[in-house]
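The listed protein sequences derive, respectively, from chains Y and G.
Residue numbers for the first sequence follow the working numbering, so the first one is 1 and each next one is one higher.
Residue numbers for the second sequence follow the working numbering, so the first one is 1 and each next one is one higher.
It should be emphasised that the hints constitute simulated quantities derived from the structure, not laboratory data.
Please note: incorrect hints may appear among the correct ones.
[Unchecked claim] SDA-like mimics (lysine to any residue), calculated; alpha carbons at most 20 angstroms apart, straight line:
| hint | chain 1 | residue 1 | chain 2 | residue 2 |
| --- | --- | --- | --- | --- |
| 1 | G | K135 | G | V115 |
| 2 | G | K299 | Y | I59 |
| 3 | G | K299 | Y | A71 |
| 4 | G | K299 | Y | G58 |
| 5 | G | K299 | Y | I56 |
| 6 | G | K299 | G | T354 |
| 7 | G | K132 | G | T354 |
| 8 | G | K299 | Y | A64 |
| 9 | G | K299 | Y | L57 |
| 10 | G | K299 | Y | A26 |
| 11 | G | K299 | Y | T48 |
| 12 | G | K299 | Y | Y68 |
| 13 | G | K132 | G | V114 |
| 14 | G | K299 | Y | M41 |
| 15 | G | K105 | G | F94 |
| 16 | G | K299 | Y | V72 |
| 17 | G | K299 | Y | F61 |
| 18 | G | K299 | G | P330 |
| 19 | G | K135 | G | A118 |
| 20 | G | K43 | G | P330 |
| 21 | G | K273 | G | L247 |
[Said to hold, decoys possible] Simulated DEER-style distance windows between Cβ atoms:
| hint | chain 1 | residue 1 | chain 2 | residue 2 | range |
| --- | --- | --- | --- | --- | --- |
| 22 | Y | F7 | G | I290 | 40 to 48 angstroms |
| 23 | G | W60 | Y | A28 | 42 to 50 angstroms |
| 24 | G | W60 | Y | V38 | 44 to 52 angstroms |
[As the list claims (entries may be wrong)] If we take Cβ atoms under 10 angstroms as the criterion, some of the chain Y residues that face chain G in the derived model are:
| hint | residue |
| --- | --- |
| 25 | F7 |
| 26 | E63 |
| 27 | I67 |
| 28 | L70 |
| 29 | L74 |
Bear in mind the structure is a predicted one, so any value in this text is a computation, not a measurement.
For glycine and all other residues, C-beta sits at the position ideal for the given N, C-alpha and C.
Residues per chain are reported as follows:
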Amino acid sequence: MNDPEIFLQAMRYIGAGLAVIGVAGAGAGIGVVVGGAVQAMSRNPDYTPTIQTNMILGIAFAEAVAIYALAVALIILFV
Amino acid sequence: MTTHTHSEKPRRRGFWRWVWVGLMILGGLMAFNVGGYWGGIWKPVSPAVVLPAEQAWPGWYLLPPGILFAEGIPFTNTMFSVFLASLILFGITFLVVQPFVRGGKEVPSGFYQVVEVAVEFFWNVAQGAAGKWAKAIFPFTMTIFLYVLTVNLFKLLPIHETIGYAKEAHGTVQGYATVPILGGAVHLLDGSHPYDAAAEGETHEAEAAEHGGEGYWNSPEPCHNCEIVPTFRGAATDLNFTASLALITMIMVQVFGMRALGPGYFSKFINLKTIINKPFFGLMDFIVGILELISELAKVLSFSLRLFGVIFAGTLLLAILGSLTVVFIPGFLVGLELFVGIIQAYVFSTLALTFMSQATAAHHGDEH
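Could you put the whole structure together from the sequences, leaning on the hints where they help?
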């Protein structure tokens with residue numbers, strides 16, 4: 001606590017840790033997307049290519065939110 | 001003849017398999033510094049993570065200092081990979097695709113087949129999404145896909161973020177001692193000698209000022225606290241690259257909207273038509289138009305941050321895990337990063353296609 005530089009660095013680590021909590025939401029989102037896609041594919045295997053493409057797009061959208069959190073954490077840590 | 005080659009093939013693959021396994025074991029042993037040859041250069045070095053792009057080599061400028069800006073425009077290490085990607089794509093165009101198109105052969109062969117499969121796949125997707133505007137939109141999305149894909153695949157090159165010039169380490173970056181070889185022309189970082197500021201004190205400060213005067217380590221003497229600034233770094237780890245791609249994409253979305261719907265396209269954003277004859281719902285439409293404008297700006301942000309974040313986080317993961325475990329895990333992670341790079345290129349181009357085809361379609365304001 002006596003060294004302000006070390007205190008600041010500790011606060012940075014805590015902030016980065018708090019920032020990546022947002023990743024949890026993206027995990028749940030990807031789970032929902034893939035769960036729905038697997039159900040759809042098992043009911044209608046003929047449409048697997050279409051469903052798969054849309055599933056990957058949906059995953060990318062959900063993942064983007066996690067990536068924002070990660071980008072914030074990286075910026076806190078390294079800038 | 002064919003049966004002969006078939007029987008020949010598995011034996012050769014079996015031989016090389018053992019060579020690779022042997023090399024992996026040798027690499028692992030060297031990483032734990034068995035033998036101690038050349039100090040600890042085989043030992044993994046914890047990465048120097050720097051977010052902004054750095055100058056690819058001291059004295060390399062796109063625009064030398066003093067011409068337009070006092071500091072000049074440095075030729076950064078991410079620009080290097082952008083130029084290399086452009087070169088490769090030009091090479092494929094003029095050496096593979098052009099000769100085939102000009103040659104008039106019916107059956108494609110060799111590398112051209114790969115190009116054709118990719119182009120045909122995207123052409124079908126574009127036609128499904130954009131209809132009659134596919135012909136105008138397709139070249140743009142295809143270019144984005146190939147460009148981002150090429151840039152992302154550079155992660156597989158061994159020179160990626162490993163070769164560069166040595167620089168005095170500052171701030172939180174962990175510096176290492178170097179081992180000069182070839183008469184001091186080349187320095188290798190010594191993983192077993194990390195710089196410890198508390199133990200070594202300020203004794204190397206004067207030495208560093210003497211040998212590292214021009215911003216890099218330029219002497220045959222070993223450096224005690226150096227980091228490597230890579231000459232070659234993935235372009236998508238630079239926010240400038242992704243943001244410029246995103247800006248170009250969103251501007252082209254507006255251009256395609258203009259071309260398809262004329263000046264009426266902009267009534268999507270500033271909607272004053274319905275405000276006169278239907279005061280309440282007209283006002284609602286106006287506010288929705290403002291929201292549309294904001295979401296258009298947010299798309300630039302999400303486009304650029306998505307690509308940047310995924311690729312930078314991947315590079316960071318590879319660097320950190322590569323410094324913890326040496327031989328086995330990073331191989332699988334490179335495979336994962338390869339997959340992620342392809343997916344991100346696909347997502348970028350598909351989203352661009354979706355936004356463009358949405359812009360060319362008539363929006364709700366015109367129907368009532």
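Okay, the hints, checked on the actual structure:
Among the hinted pairs, G/K135 with G/V115 is consistent with the structure: their alpha-carbon atoms are about 18 angstroms apart, no more than 20 angstroms. A hinted pair counts as satisfied when its Cα atoms are at most 20 angstroms apart, and G/K299 with Y/I59 qualifies at roughly 17 angstroms. As the CA atoms of G/K299 and Y/A71 are separated by approximately 16 angstroms, the hinted pair is consistent with the 20 angstroms bound. With a C-alpha separation of about 16 angstroms, the suggested pairing of G/K299 with Y/G58 holds against the 20 angstroms cut-off.
In summary, the hint linking G/K299 to Y/I56 is supported, as the alpha carbons are separated by about 19 angstroms, within the 20 angstroms threshold. Restraint check: the Cα-Cα separation between G/K299 and G/T354 comes to about 12 angstroms, which is no more than 20 angstroms; the hinted pair holds. For the given pair, G/K132 sits about 14 angstroms from G/T354 by alpha-carbon distance, which is consistent with the 20 angstroms threshold. Only pairs whose Cα atoms come within 20 angstroms are accepted, and G/K299 paired with Y/A64 is accepted, the gap being roughly 12 angstroms.
For the suggested pair G/K299 and Y/L57, the alpha carbons sit about 15 angstroms apart, so the restraint of at most 20 angstroms is met. With a C-alpha separation of about 18 angstroms, the suggested pairing of G/K299 with Y/A26 holds against the 20 angstroms cut-off. Proximity of G/K299 to Y/T48 is assessed by CA-CA distance (about 29 angstroms); at most 20 angstroms being required, the pair is judged violated. This hinted pair checks out: G/K299 and Y/Y68 have alpha carbons roughly 13 angstroms apart, not beyond 20 angstroms.
Distance restraint check for G/K132 and G/V114: the Cα-Cα separation of roughly 26 angstroms exceeds the 20 angstroms cut-off, and the hinted pair is therefore not satisfied. At most 20 angstroms may separate the alpha-carbon atoms for a hinted pair to count; G/K299 and Y/M41 exceed this at roughly 30 angstroms. Between the alpha carbons of G/K105 and G/F94 the distance comes to roughly 16 angstroms, so the proposed pair stays at or under 20 angstroms and holds. A C-alpha spacing of about 18 angstroms is found between G/K299 and Y/V72, which places the hinted pair at or below 20 angstroms, so the restraint holds.
Of the supplied pair hints, the one linking G/K299 and Y/F61 holds, its CA atoms being roughly 12 angstroms apart against a limit of 20 angstroms. Of the pairs offered as hints, the one joining G/K299 and G/P330 is violated, with about 33 angstroms between alpha carbons and a cut-off of 20 angstroms exceeded. In summary, the hint linking G/K135 to G/A118 is supported, as the alpha carbons are separated by about 16 angstroms, within the 20 angstroms threshold. Proposed proximity of G/K43 and G/P330 is supported: the alpha carbons are some 15 angstroms apart, at most 20 angstroms.
Of the pairs offered as hints, the one joining G/K273 and G/L247 is violated, with about 29 angstroms between alpha carbons and a cut-off of 20 angstroms exceeded. For the pair Y/F7 and G/I290, the beta carbons lie near 44 angstroms from each other, so the given range of 40 to 48 angstroms is met. Restraint check, G/W60 to Y/A28: a C-beta distance of roughly 46 angstroms satisfies the suggested window 42 to 50 angstroms. Our hint of 44 to 52 angstroms for G/W60 and Y/V38 holds, since their Cβ atoms are close to 51 angstroms apart.
The interface hint given for Y/F7 is broken, as the beta carbon of that residue sits about 14 angstroms from the closest beta carbon of chain G, more than 10 angstroms. Among the interface hints, the one on Y/E63 holds; its C-beta lies about 7 angstroms from the nearest C-beta in chain G, closer than the 10 angstroms criterion. Look at Y/I67: its Cβ gets to within about 3 angstroms of chain G, closer than 10 angstroms, so that hint holds up. Interface restraint check: Y/L70 against chain G, minimum CB-CB distance 5 angstroms, threshold 10 angstroms, status holds.
Because the beta carbon of Y/L74 sits about 7 angstroms from the nearest beta carbon in chain G, less than 10 angstroms, this interface hint is met.
Hint compliance for this structure: hints 11, 13, 14, 18, 21, 25 are not met, and every other hint is.
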